[in-house]
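Whole structure, please, built from the sequences with the hints as guidance.
There are 2 protein chains.
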Amino acid sequence: MSGVGNEAGGWPLEDRGVAYGDGLFETVLVRDGTALLWEAHLARLSRGCRALGLPMPERDHLDSLPGQTGEGLWVLKLILTRGSGGRGYLPPEQPVPRLRWQVMPFTPQPTRWQEGVTVRHCRLKLAIQPALAGLKHLNRLENVLARGEWNDPAVAEGLLCDSDGRLVEATCMNLFWRRGGRLETPRLDRCGVAGTLRAALIDALPIAEVVAGPEALLDADAAWLGNSLQGVWPLARLDDAEGVEIKRWTVSDRHRSLQGEAHRLLGYPPGLAS
Amino acid sequence: MSGVGNEAGGWPLEDRGVAYGDGLFETVLVRDGTALLWEAHLARLSRGCRALGLPMPERDHLDSLPGQTGEGLWVLKLILTRGSGGRGYLPPEQPVPRLRWQVMPFTPQPTRWQEGVTVRHCRLKLAIQPALAGLKHLNRLENVLARGEWNDPAVAEGLLCDSDGRLVEATCMNLFWRRGGRLETPRLDRCGVAGTLRAALIDALPIAEVVAGPEALLDADAAWLGNSLQGVWPLARLDDAEGVEIKRWTVSDRHRSLQGEAHRLLGYPPGLAS
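Protein chains in written order, with our numbering: chain R, 19 to 292; chain U, 19 to 292.
Simulated from the structure, these hints should not be mistaken for lab results. Any given hint could be a false lead.
Which copy? The list can't say, so a pair holds if one copy fits it or any two copies do.
Listed below are the simulated SDA-like cross-link pairs for lysine to any residue, each with C-alpha atoms no more than 25 angstroms apart in a straight line [stated by the list, open to error]:
| no. | residue 1 | residue 2 |
| --- | --- | --- |
| 1 | 95 | 108 |
| 2 | 95 | 106 |
| 3 | 95 | 105 |
| 4 | 154 | 287 |
| 5 | 95 | 111 |
| 6 | 154 | 104 |
| 7 | 154 | 108 |
| 8 | 154 | 30 |
| 9 | 95 | 268 |
| 10 | 95 | 114 |
Note that the structure is a prediction, hence the values are computed from the model and not measured.
Below, the structure written as structure tokens:
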């Protein structure tokens, strides 16, 4: 089964979601009909609606969606667009947004939880746009181009810096590290997507949001990638954009702190053997 | 009649065009079944395909589209997406793009040709992303946000600077000015859309592509906006982002040079009375 979606199926030819990427999305982990980090997903969707001038969908309708899945693990993907209308880029004064959703079965990757992953730096630099920073909007060509930079399945993710050379995120995960005993993650006020797992971890642990270049990773005694679907992967190896190794980390108890908290939030096993 | 489109109608739920804005578009002026600046539109589409790693649609199929319109003036809007598939942001290795098109009647605005227009500076600054600069891709949230900054119909367009403060374009038109006897237009190697009329005018006239801040307009004895649908509008008045007047220009013979050439290319009347 490749998944099911809502009744109306696709998008009209003229929908502003495809014409301009004029909308937002969320991908939500659902276990046995219950959405994980649901309030964080709704909070980000609501922030996006305010930034784009869209009405937030009805809470009752949104709350009914995770229950449409069956037993087990699923991804619920929501896409909310500004709908049709307006004149060119000019948005309609009273937009009638379209909400579409799909659910697909989901299987996490326990080997990556336990053994960690290899990541590489991407050549593409993220553009700096504070008006859209942090939002999970539909303008994702940068992510597509960055993810297209490698096809070696042994490389799990690509790290992205902004055009000023500051660390931001990975193509679909947030980045965390520890140096000098301190947990840190990049500030996302200029670009990047502020993940819901990232928000929950910042609430739960003393994680500082910092401005840092890639040299921060060289000083780090542990580093992780995480999102609300996959949980947390320790970094085992970092390559440059040509695939040449820059650094290795031994995945060990040092990595349990952040991963343990993340997996508690998502209902996953701790991951690393004790 | 609001327009007709191609047989398949809309977009599947999972199309990458709506999911990520993963695609390109063109809006083409068609007169009596013949597309204007057609080679320039195809050249830009082809550049976009190379940048995004998409196969260019069949030339014969593309060439058949303008003839689907009737007599008179029409807009042909093409949208080309990467189609479905891939894993998340990772593009499919062999994408099967989707091409959809619509034609809608078009009426230009001769009053704006003759009397010129009022424009204002936008507050939003365009992000700098050389990997996407010049392309007419589907990630257009910046344009939507900028166009949403005003709703006074007396203001025809909004001017956009990049995050370094350099002039780039208007929300859906390119910008030209003359200072010191020289025709100039902003370089578009870091952001902005390289219009087909702009390309044709650079071929036909000695127009320099320059790096300039908004002060260039204060020194200009004439300035224009243009695109391949509307032709060329002289600037009559420039406001700041709060709507306060910065400068006025008398629309006169000085404006005929660029407009005359543009309208010759598009088959429009010269516009300004001699």
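We went through each hint and held it up to the structure:
Taking CA atoms no more than 25 angstroms apart as the test, residue 95 paired with residue 108 passes between copies only; the shortest distance there is 17 angstroms, against 27 angstroms inside one copy. Proximity of residue 95 to residue 106 under the C-alpha cut-off of 25 angstroms is restricted to the inter-copy arrangement: shortest distance 11 angstroms between copies versus 27 angstroms within a copy. Taking the closest pair of Cα atoms, residue 95 and residue 105 come within 25 angstroms of each other only across two copies (14 angstroms); inside a single copy the shortest separation is 29 angstroms, beyond that limit. Within a single copy, residue 154 and residue 287 get their C-alpha atoms no closer than 27 angstroms, and across copies no closer than 46 angstroms, so neither meets the 25 angstroms cut-off.
With identical chains, the CA atoms of residue 95 and residue 111 are at most 25 angstroms apart between copies only, with a shortest distance of 23 angstroms across copies and 27 angstroms within one. Taking the shortest alpha-carbon separations for residue 154 and residue 104, both the intra-copy value of 22 angstroms and the inter-copy value of 19 angstroms come in at or below 25 angstroms. In this assembly of identical chains, residue 154 and residue 108 lie within 25 angstroms of each other by CA distance both inside one copy and across copies; the values are 21 angstroms within and 17 angstroms between. Both within a single protomer and between protomers do residue 154 and residue 30 lie at most 25 angstroms apart by alpha-carbon distance, with minima of 22 angstroms and 21 angstroms respectively.
Proximity of residue 95 and residue 268 under a CA criterion of 25 angstroms is satisfied in neither setting, with 35 angstroms inside one chain copy and 54 angstroms between copies. Taking the shortest Cα distances, residue 95 and residue 114 sit within 25 angstroms of each other both inside one copy (20 angstroms) and across copies (23 angstroms).
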